[in-house]
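Using the sequences provided together with the hints, build the complete structure.
Protein chains in written order, with numbering that gives the first Met the number 0: chain A, 0 to 236; chain B, 0 to 236.
Note that these hints are calculated values from the structure, not bench results.
Watch out, some of these pointers could steer you wrong.
Which copy is meant is left open, because identical chains are indistinguishable; a pair holds if it fits in one copy or across any two.
[Claimed, not checked] For lysine-lysine, the following BS3-like pairs were computed, each having C-alpha atoms within a straight-line distance of at most 27 angstroms:
#1 LYS166 / LYS15
#2 LYS151 / LYS123
#3 LYS15 / LYS170
#4 LYS151 / LYS15
#5 LYS15 / LYS123
#6 LYS151 / LYS170
#7 LYS151 / LYS166
There are 2 protein chains.
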Amino acid sequence: MSETQTYPVEARNRVKRRHDRGFYDHETVHRLLDAAALCHVAYAVDGQPYCTPTLFWREGTRLYWHGSSASRMLRNLSEGQPACLTVTHFDSLVLARCGFNHSADYRSVMAFGQARLVADPEEKCRALVMMVDRFFPHRTAGLRQSTDQEIKATAVIAMEIESASAKIRAKGVADDEEDYALPVYAERLPIRTVIGAPEPCPRLRPGVARPADLASYRAERPLEEALAEAYAEAYRG
Amino acid sequence: MSETQTYPVEARNRVKRRHDRGFYDHETVHRLLDAAALCHVAYAVDGQPYCTPTLFWREGTRLYWHGSSASRMLRNLSEGQPACLTVTHFDSLVLARCGFNHSADYRSVMAFGQARLVADPEEKCRALVMMVDRFFPHRTAGLRQSTDQEIKATAVIAMEIESASAKIRAKGVADDEEDYALPVYAERLPIRTVIGAPEPCPRLRPGVARPADLASYRAERPLEEALAEAYAEAYRG
Numbered sequence: 000m001s002e003t004q005t006y007p008v009e010a011r012n013r014v015k016r017r018h019d020r021g022f023y024d025h026e027t028v029h030r031l032l033d034a035a036a037l038c039h040v041a042y043a044v045d046g047q048p049y050c051t052p053t054l055f056w057r058e059g060t061r062l063y064w065h066g067s068s069a070s071r072m073l074r075n076l077s078e079g080q081p082a083c084l085t086v087t088h089f090d091s092l093v094l095a096r097c098g099f100n101h102s103a104d105y106r107s108v109m110a111f112g113q114a115r116l117v118a119d120p121e122e123k124c125r126a127l128v129m130m131v132d133r134f135f136p137h138r139t140a141g142l143r144q145s146t147d148q149e150i151k152a153t154a155v156i157a158m159e160i161e162s163a164s165a166k167i168r169a170k171g172v173a174d175d176e177e178d179y180a181l182p183v184y185a186e187r188l189p190i191r192t193v194i195g196a197p198e199p200c201p202r203l204r205p206g207v208a209r210p211a212d213l214a215s216y217r218a219e220r221p222l223e224e225a226l227a228e229a230y231a232e233a234y235r236g
Numbered sequence: 000m001s002e003t004q005t006y007p008v009e010a011r012n013r014v015k016r017r018h019d020r021g022f023y024d025h026e027t028v029h030r031l032l033d034a035a036a037l038c039h040v041a042y043a044v045d046g047q048p049y050c051t052p053t054l055f056w057r058e059g060t061r062l063y064w065h066g067s068s069a070s071r072m073l074r075n076l077s078e079g080q081p082a083c084l085t086v087t088h089f090d091s092l093v094l095a096r097c098g099f100n101h102s103a104d105y106r107s108v109m110a111f112g113q114a115r116l117v118a119d120p121e122e123k124c125r126a127l128v129m130m131v132d133r134f135f136p137h138r139t140a141g142l143r144q145s146t147d148q149e150i151k152a153t154a155v156i157a158m159e160i161e162s163a164s165a166k167i168r169a170k171g172v173a174d175d176e177e178d179y180a181l182p183v184y185a186e187r188l189p190i191r192t193v194i195g196a197p198e199p200c201p202r203l204r205p206g207v208a209r210p211a212d213l214a215s216y217r218a219e220r221p222l223e224e225a226l227a228e229a230y231a232e233a234y235r236g
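Here you go:
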């Protein structure tokens with residue numbers, strides 16, 4: 000009975016180079032998105048491309064990110080404009096026996112759609128709550144409420160994913176068969192992004208302890224594990 | 000006698016939002032670039048923006064990256080086309096006492112210029128050597144030489160940096176003064192990208208040991224330290 004949903008494969012998202020590395024199913028694409036906090040968004044203003052790093056989050060097949068109402072990215076967005084949001088998990092550097100086979104292991108997603116400013120007050124309000132709760136489940140309920148001025152100063156951008164692709168390389172050293180006979184050192188150099196020891200604000204009020212909801216963010220844990228767990232919790236809770 | 004060189008500040012690279020976080024001097028911009036291997040490049044094809052992750056390296060005020068000769072990014076590049084190459088070091092998630100002040104510490108660079116295919120055989124040859132040696136100093140000399148077919152299949156893209164900006168947030172929790180009185184937990188959650196234990200290729204020839212030049216890539220070290228060290232060594236050696 001399970002039906003695999005996939006994003007449509009078009010010219011813009013078809014993985015051309017190394018198409019064996021391409022995936023279009025929702026499950027793969029969403030899993031890689033939900034394990035990340037940081038993305039890079041490409042958009043163009045008057046023909047000039049920009050590549051802006053920002054925090055983002057997902058709700059179904061819709062992506063959200065935010066910015067200052069004054070930011071460059073947001074001009075002319077109310078009508079919607081084409082954008083590409085990319086997430087990359089950088090897993091290793093690969094040292095091979097020839098220059099050509101030097102590479103990297105990675106898991107990335109490119110998502111395409113029309114970015115638009117969220118104008119509807121209800122959608123904006125829910126999005127601003129999820130901007131915090133998606134990373135730190137149930138947190139918003141305990142915070143000082145946002146002021147009207149803060150809400151006005153924050154622009155929320157939404158982009159329905161029209162097409163997307165995931166690209167994964169996870170094979171370490173892959174030399175030409177005849178090159179394995181060479182007396183050349185080769186290795187996979189793993190890379191991981193981890194959480195450090197949490198640094199409580201030095202100005203905490205007496206008796207204010209770290210909430211149990213933050214337990215998944217613990218020192219030495221891979222960030223992507225904690226983010227994926229928080230995502231699942233936020234959308235279940 | 001020291002003269003601080005800076006990139007020109009234009010409309011496209013001026014840090015508009017939080018301009019107190021903006022830097023334009025070569026030293027800051029180059030230091031952040033040289034501590035990274037992965038970048039994201041924004042470019043547009045027929046009005047559609049793309050955001051592509053790739054390995055890159057720097058030579059003076061010129062950036063290089065590469066791709067397959069068949070890749071989408073490289074079509075129509077011979078004439079040069081506007082691009083933006085961005086590098087982001089993601090340093091923390093910041094939990095504040097209100098939603099608006101939730102943030103992240105980061106160090107990023109956006110570099111603007113005209114991307115062009117490297118056609119000159121001599122420049123391409125030198126660039127392909129530095130693509131390996133910039134990350135792993137002196138390595139190319141010990142590798143199986145590239146074949147003509149491999150060189151042909153690899154496209155090298157160069158972009159002279161016309162303008163660039165660095166943007167740095169490094170202050171952890173920064174709440175409104177009156178909010179520090181609230182009984183709300185707040186913290187800085189540090190994030191770092193580290194090297195794991197190197198995984199030698201299982202098919203190494205007997206007696207082939209890890210070269211001393213790779214010593215800076217050791218387990219638990221921050222990746223950016225090893226990359227910055229390798230960069231300095233490659234351009235000194």
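For each hint, the structure was consulted:
1. For a Cα distance limit of 27 angstroms, the shortest separation of LYS166 from LYS15 inside one copy, 10 angstroms, qualifies, whereas the shortest one across copies, 33 angstroms, does not.
2. In the homo-oligomer, the alpha carbons of LYS151 and LYS123 lie at most 27 angstroms apart inside one protomer (10 angstroms), although the nearest pairing across protomers, at 50 angstroms, exceeds that limit.
3. Taking the shortest Cα distances, LYS15 and LYS170 sit within 27 angstroms of each other inside one copy (19 angstroms), while across copies they are farther apart (42 angstroms).
4. Only between protomers do LYS151 and LYS15 lie at most 27 angstroms apart by alpha-carbon distance; the minimum there is 18 angstroms, versus 42 angstroms within a single protomer.
5. Within a single copy, LYS15 and LYS123 get their C-alpha atoms only as close as 37 angstroms, which misses the 27 angstroms cut-off; across copies the closest is 23 angstroms, which meets it.
6. For a Cα distance limit of 27 angstroms, the shortest separation of LYS151 from LYS170 across copies, 24 angstroms, qualifies, whereas the shortest one inside one copy, 47 angstroms, does not.
7. Proximity of LYS151 to LYS166 under the C-alpha cut-off of 27 angstroms is restricted to the inter-copy arrangement: shortest distance 24 angstroms between copies versus 37 angstroms within a copy.
Hint violations for this structure: none, all hints satisfied.
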